[in-house]
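Visitor: Here are the chains, one letter per residue:
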Amino acid sequence: MVARQEQQLAATASNGNVPVAESANRLLPSTANFGAKVRQWWPYYAMMAPGIIFFVLFHYLPIWEAKIAFEQVRIIPPNIWVGIKHFQVLFTSPVFWQVLVNTLIISGMKMAFVFPVPIIVALMLNEVRSGSLRKFIQSAVYLPHFLSWVVIAGVFIAALSPSNGVVNDITGFFGGQPKSYMTDTGAIRWVLVFSEMWRSAGWDSLLYLAAIIAIDQALYDAAEMDGANRWQKILYVTIPGIVPTIATLFILNAGMFLSADLNQVINFSNDVVRSQIDIVDTYVYRIGLQTGEYSLATAAGLFKAVLGMLLILLAHLFSKRLTGKGVW
Amino acid sequence: MLMRKLLLATTALAFAMAPAFAEPVVIRMVSKDLVSTNPPDVKHIERIEAAMAAKGTEIDIQIVDLPSSGYADALSVMLLSGDIPDLIYFQGGDAKMVEQGILEDLTPWIEKSPNLKAALYPHNAERLANYPYLLYVYPPRMPQPVIRKDWLEKSGLPAPQTVEDYVALFTAIKDGDFDGDGVANTYGVTTADNTNELDSIFNQAFGVTGSWMKNEAGEWVNARITTQERDKIAFYASLREQGLFDPEYITSKFDVKEDKFYTGRAGVIFGSSAEVIDIYGGKMRQVHPGTELVLLAPPGGPAGQGNQAIDVSKEARGFAMSSLSEHKETVMALLDFMASPEGQLLDRLGFEGEEYTKSGDTYTMTDKIATWYARFFASANWTPPTPWMSTAAQASLKQVSDNFKPDNAFVFPADYAADLDATESVYRAWVYKFISGEAGMDQWPAYVAEWEAAGGSRLNEYARTVLK
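From first to last, the protein sequence lines stand for chains A and B. By UniProt numbering, the letter at position 23 of the first sequence is numbered 23, and the numbering carries on one by one without gaps. By UniProt numbering, the letter at position 233 of the second sequence is numbered 233, and the numbering carries on one by one without gaps.
No lab work stands behind these hints: they were computed from the structure. Please read all numbers here as calculations on a predicted model, not as lab measurements. Beta carbons: idealized from backbone N, C-alpha and C, even for Gly. Honestly, I wouldn't trust all of these hints.
Unchecked claim - Which residues of chain B face chain A? A few of them, derived with a C-beta cut under 8 angstroms, are:
#, residue
1, Arg28
2, Ser69
3, Asp73
4, Leu79
5, Leu80
6, Gly92
7, Asp259
8, Asp421
9, Arg428
10, Tyr432
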């Protein structure tokens, strides 16, 4: 077993991917202490450090501060313990439940309609044989990712204007009546979904493209030998090859399920459609930051986080049952 | 003897020199758009320090940098983290700080500050009496309608004085093709985001006299569920139906609203202050050289004439002093200096050679004055050596001052935050539904019921405990 590992390391080192060649000759047993491991693999630990520090600072330390959901915050300490008072205020507010339902609906729509699109884009891009055409399409579909939601909202508001928007011009050309999509409570969630799709499909397809590239070429050669056409190769080689990536990203997305994108919703919101697209994050922003009710906002955020954790556990178990793979 | 005299003399000299070599008192100040990376801000602060030092107050004003975008939110987070500067400019979020005793009651301090006391406007005094923590020495702010002078002349109508006159003017703008593009694409009036700006001139005319009004049963209720409000909204709906009011106001931000004005897609828009009206005028002249703006008066109606009542429950923005500050006297000395004639000259006119030139006692403003703004106050008792604002902007100051009427709004306790948020959403959504025609005015009772269920009943009940 050790010999095999050494062989693999030597092979990798010959590609220049391992920092110290001699490391390959001195493998530590798995029982070696942490310090010894750090000394041997320090470049990898160094690369991990920024990410670990980021998560500790911005994701783990704040867990402790979430205790203000049970307190009345005092700038001059100490805070006053109020128990579940803020949760009671939240749960008796009809707005909060409407906000929660909106979040679930919008997130569900995004999961159902936005999540598969990058996979389809990656599969399609993989089939484009012309290198220059592929690069052009890739650039075109990546570009929206670099635009802020402020700009994208401006573009969509202009494009969807009932008086001079391009979308209504087109539908009008075919005899349709002008429609105000941005103030239509039935359409606004679809506007959110479509704009999210437009912004993220290209960029998110990168991961799937990377996964496709990693598929062993021999599998395609074997499929070709068996007489598979392009569609069959996609169906029986490419898609199964990226299923682990899809499952992992699906589970990770499930954890973010209740984060329906604060920036997007704020920029697409107006008085009429707020009741349809007001989500937990916008509620927390309004109540917490704009009116200074930090404890109430933290209670809402904490509730959302607990639901998110439950969802990620469920998605993990579901994936394990279905594909045998989960996040651990 | 000689030694004793020398000793006495040196001691006396040391005492005399002591103030001159005193360490300046460090005042930390946070204010919107005041950042240490902006050279004019830094220069301005330095000359204020120098001017105060010349008057015997050694002060070192340290700017605390915060982003202009989302200033109120960033400020709240900073204060919550325990970083409390001596002088704080708020744009909301101050009530939470007052609840926790972080802000100083300014009443006794202003009483002792001669310049500041004399610089207050009547509405400042009322607001300070109700909420003595925020100081914002500026004329009252109120959205005021403006129109291009040449368009008003083209309409062939006099400046409107009644609701009917306004309808006639909007109709003339819509039908007249004043922009000459051959397309009927101009609305009489447009606003940004909501109908607040229209309310500023139509509230009084329709009898919406304050935030709280008595209903038929003689009980205090929120004005938003009164019959007067219903009539006003019905009027807005009729404007939209006749094509006089831009139906896309709700998706327009302020920049889009302005753009519609400059490009001839809207005849009348509202400026939030005299300075903003001047900016509109400047931008309009860039697009249409020689064009002037005219300020329009609020219309008279069956219920009277005047601008919307102005909330005097508290300042919506302004300077506050930290109750934790160890240098309150110096902070107040700074504020008092900025309200003085000398401070106003510095703060309102900018730099000599930049924003103005001076020959003898004659001041001449340069074009750069358009981009200069006072970092502190616009004192009520200060007269500039030469007026530089446009006629429309000056008229707006006079109009809002002449029409000043205090509102009966008051500050709600924090427990009502969720109710205020919910009722606001219900009101806003229904107003658009009525205006757009999605809901008929016969659905008014349904709106009222939803507003009350969203927390409005609680708000009304609380109001009845406050208003007598």
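Visitor: Under the constraints set out in the numbered hints, which ones does this structure not fulfil?
Guide: Structure breaks hints 1, 2 and 7.
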